[in-house]
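Please model the entire structure based on the sequences and the hints provided.
Protein sequence lines, in the order shown, are assigned to chains C and L.
Note that our numbering has the first sequence beginning at 200, numbered continuously upward.
Note that our numbering has the second sequence beginning at -1, numbered continuously upward.
A hint or two may mislead.
[As the list claims (entries may be wrong)] DEER-style ranges, computed between Cβ atoms:
#, chain 1, residue 1, chain 2, residue 2, range
1, C, Lys277, L, Pro37, 25 to 33 Å
2, L, Asn56, C, Tyr217, 21 to 29 Å
3, C, Ala254, L, Ser75, 33 to 41 Å
4, C, Gly271, L, Gln0, 44 to 52 Å
5, C, Asn261, L, Glu39, 22 to 30 Å
6, L, Val42, C, Asp256, 33 to 41 Å
7, C, Val267, L, Ser18, 28 to 36 Å
8, C, Leu295, L, Asn56, 28 to 36 Å
Calculated from the structure, these hints are not laboratory results.
Since the model is a prediction, treat every value here as computed from it, not as a measurement.
Just so it is clear, CB atoms sit at the ideal spot from N, CA and C, and this is done for glycine as well.
Residue-level listing of the chains:
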Amino acid sequence: GAGVSQTPSNKVTEKGKYVELRCDPISGHTALYWYRQSLGQGPEFLIYFQGTGAADDSGLPNDRFFAVRPEGSVSTLKIQRTERGDSAMYLCASSLNAVDTEAFFGQGTRLTVV
Amino acid sequence: GQQLNQSPQSMFIQEGEDVSMNCTSSSIFNTWLWYKQDPGEGPVLLIALYKAGELTSNGRLTAQFGITRKDSFLNISASIPSDVGIYFCAGRESGTYKYIFGTGTRLKVLA
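This is the structure in structure tokens:
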């Protein structure tokens, strides 16, 4: 596609439920990032993929959060046993490779845990 | 998580005025990026900087990579109403992959 695509655009879930957020990067981009943005804050790093592997997952807040990118393209961010504090905008970005540093963001998924 | 210090936090300006904002870090960065974000949308990349001292323009926007490599500046000339939004800087340290974002500068333009 022309840009990074994230689905769904909005997700409302009940506390304790499991959610999956999907990211389709720009075609041909091997590097993929997940960020989380709370209201009034800048994006905070969660995890970085180069190809299929997570090269840096230091930003994942706890073991309820997990992300995969099995074929080196689409990525899924998975959150188990959601808590109200997980409510935020989840942003995905991609760049051509690890060397090319321009990262392009999708429109985000707004997650609300009630 | 870690965030870069951005200033000013917010500003109101008259249409046609020039705008300046900056971003500082306690770490040395090898890349600086500047983004604009509208409400409910993802950040849109404006300018990328790769070398200390580099000055890069994109239309009415000009950004500079500070010579200490710990700061960056963004200027907007002759502001227009559609410049309204939140501007974020993001930096990356050598040998790392993640970008660290600033706290944002909220810009409001009065027609």
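Evaluation of the provided hints:
Lys277/C and Pro37/L have their C-beta atoms about 27 Å apart, which keeps the hinted 25 to 33 Å range intact. About 42 Å separates the C-beta atoms of Asn56/L and Tyr217/C, a value inconsistent with the hinted range of 21 to 29 Å. The hinted range of 33 to 41 Å is satisfied by Ala254/C and Ser75/L, whose Cβ atoms lie roughly 39 Å apart. The hinted range of 44 to 52 Å is not satisfied by Gly271/C and Gln0/L, whose Cβ atoms lie roughly 28 Å apart.
Between Asn261/C and Glu39/L the beta carbon distance is about 28 Å. The supplied range of 22 to 30 Å therefore holds. For the pair Val42/L and Asp256/C, the beta carbons lie near 26 Å from each other, so the given range of 33 to 41 Å is not met. One distance hint, 28 to 36 Å for the beta-carbon pair Val267/C and Ser18/L, is violated here, with the actual separation near 42 Å. At roughly 19 Å, the beta-carbon separation of Leu295/C and Asn56/L lies outside the given 28 to 36 Å, and the hint is violated.
The structure fails hints 2, 4, 6, 7 and 8 (numbered hints given earlier, in ascending order).
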